[in-house]
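Peer 1: Single-letter residue listing:
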Amino acid sequence: DGGITQSPKYLFRKEGQNVTLSCEQNLNHDAMYWYRQDPGQGLRLIYYSQIVNDFQKGDIAEGYSVSREKKESFPLTVTSAQKNPTAFYLCASTMGGSGYTFGSGTRLTVV
Amino acid sequence: AQSVTQPDIHITVSEGASLELRCNYSYGATPYLFWYVQSPGQGLQLLLKYFSGDTLVQGIKGFEAEFKRSQSSFNLRKPSVHWSDAAEYFCAVAPPYNNNDMRFGAGTRLTVKP
Numbered sequence: 134d135g136g137i138t139q140s141p142k143y144l145f146r147k148e149g150q151n152v153t154l155s156c157e158q159n160l161n162h163d164a165m166y167w168y169r170q171d172p173g174q175g176l177r178l179i180y181y182s183q184i185v186n187d188f189q190k191g192d193i194a195e196g197y198s199v200s201r202e203k204k205e206s207f208p209l210t211v212t213s214a215q216k217n218p219t220a221f222y223l224c225a226s227t228m229g230g231s232g233y234t235f236g237s238g239t240r241l242t243v244v
Numbered sequence: 131a132q133s134v135t136q137p138d139i140h141i142t143v144s145e146g147a148s149l150e151l152r153c154n155y156s157y158g159a160t161p162y163l164f165w166y167v168q169s170p171g172q173g174l175q176l177l178l179k180y181f182s183g184d185t186l187v188q189g190i191k192g193f194e195a196e197f198k199r200s201q202s203s204f205n206l207r208k209p210s211v212h213w214s215d216a217a218e219y220f221c222a223v224a225p226p227y228n229n230n231d232m233r234f235g236a237g238t239r240l241t242v243k244p
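Chains as they are written, first to last, in the working numbering: chain A, 134 to 244; chain B, 131 to 244.
Hints were generated in silico from the structure; no laboratory data involved.
Ideal placement from N, C-alpha and C gives every residue a C-beta, glycine not left out.
Careful: at least some of the hints might be erroneous.
As the list claims (entries may be wrong) - Here are a few chain B residues that face chain A, going by a calculated C-beta distance under 10 Å: (1) Val134; (2) Gln136; (3) Gln172; (4) Gly173; (5) Leu174; (6) Leu176; (7) Lys179; (8) Ala222; (9) Asn230; (10) Asp231; (11) Gly235; (12) Ala236; (13) Gly237.
What the hints assert, rightly or not - Sample of chain A residues with no beta-carbon within 10 Å of chain B, all distances over it, derived: (14) Lys147; (15) Gln174; (16) Lys203; (17) Lys204; (18) Val244.
Chain B extracted, bound-state conformation:
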């Protein structure tokens, strides 16, 4: 079965600095990959997804992610962080064509310093 690891439990960055959140997955082939964001006490919102094709994926709110097959990674990036980006971020992986087996990482909490 597939699995996903987010190595960083908590990250703090200054407003305006760049951001990279790490995600590593385990799966025998190329899976479907997702990043979600969760504000406190709220549900999750889809930021972006990767199915196939171009390995650099653009999402909402200025986020992007790059799929690297050789490293089994799908890291999330943003060039300049805003205070409103403070939230928890979840990476998720699912087998192709099977949304019913989506696995979520434990999440990375992002704090933004003024």
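Isolated chain A (complex conformation):
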């Protein structure tokens, strides 16, 4: 079955460390998105990409970076510049106006 796979499910980051969250989709969707979810705040857009080798900043891009070298993959790096990275991260994709398909998320915790 087609879908979005996020890995790992849980990730622990030490202070000053960069970590990369994986997002892979086999839906042949063009557009992919990264959201951050904090309790009581809904979802906030970090980055999105409409086509390979192109991506745009969302509302809270500071301290994050992305790449889109393949249509299927859209990894997110949480850099040491992100001062409060503890959150639940969701990857999504879409084709046209069909609504988003989401992955099952990665919970990142700073230790």
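Starting from the known structure of chain A, arrange chain B on it as the hints suggest.
Peer 2: Positioned in the frame of chain A, the structure of chain B alone reads:
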């Protein structure tokens, strides 16, 4: 820019009772509207969407939503709630033909009493 408000942070209903979750949006024209559901520790699943046409939209799991332009609302309803419906529900709004600017509400957590 568009925005969406879910006035109820938490709602508790008894199993078998009816449910209505409120959603109000702000946008200058008719937007695209969505409802998603999220189980704990999971991603979001699309329940239903409204683009145009019939203002009563049917979705999965027995849910429906009604678009009311005059009230800028898109409330989600279910006639009889099951214990498995306990989850968090998110309303979302996007400009027509522009999925890249989807805005989510803060969510409503649904608890179902036996």
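Peer 1: How about Gly235(B): closest beta carbon in chain A under 10 Å, or not?
Peer 2: Because about 6 Å separates Gly235(B) from the closest Cβ in chain A, which is inside the 10 Å limit, the hint holds.
Peer 1: Given Asp231(B) as an interface hint, is the shortest Cβ-Cβ distance to chain A below 10 Å?
Peer 2: Status holds, d = 9 Å.
Peer 1: Does Gly237(B) meet its interface restraint, that is, does its C-beta lie within less than 10 Å of any C-beta in chain A?
Peer 2: The hint holds - Gly237(B) has a Cβ within 10 Å of chain A, the shortest such distance being about 6 Å.
Peer 1: If you take the shortest Cβ to Cβ gap from Ala236(B) to chain A, is it below 10 Å?
Peer 2: Cβ of Ala236(B) sits 4 Å from chain A, so the hint holds.
Peer 1: Taking the closest Cβ pair, is Gly173(B) under 10 Å from chain A?
Peer 2: holds, 3 Å
Peer 1: Does Ala222(B) pass the interface check with chain A, least Cβ-Cβ distance below 10 Å?
Peer 2: It holds, given that the least Cβ distance between Ala222(B) and chain A is near 8 Å, below 10 Å.
Peer 1: Taking the closest Cβ pair, is Gln136(B) under 10 Å from chain A?
Peer 2: Hint on Gln136(B): holds, closest Cβ of chain A at ~8 Å, below 10 Å.
Peer 1: For the restraint on Lys179(B), tell me whether the closest CB of chain A is nearer than 10 Å.
Peer 2: Hint on Lys179(B): holds, closest Cβ of chain A at ~5 Å, below 10 Å.
Peer 1: Using Cβ atoms and 10 Å as the threshold, tell me whether Lys147(A) really stays out of contact range of chain B.
Peer 2: The claim stands: Lys147(A) keeps its Cβ more than 10 Å from every Cβ of chain B (closest is about 23 Å).
Peer 1: Given Val134(B) as an interface hint, is its Cβ closer than 10 Å to any Cβ of chain A?
Peer 2: With Cβ-Cβ at 9 Å, under 10 Å, it holds.
Peer 1: Can we confirm that no CB of chain B comes within 10 Å of the CB of Gln174(A)?
Peer 2: violated, 6 Å
Peer 1: Taking the shortest Cβ-to-Cβ distance between Lys203(A) and chain B, state whether it exceeds 10 Å.
Peer 2: holds, 20 Å
Taken one by one, the earlier hints fail for this structure only at number 15.
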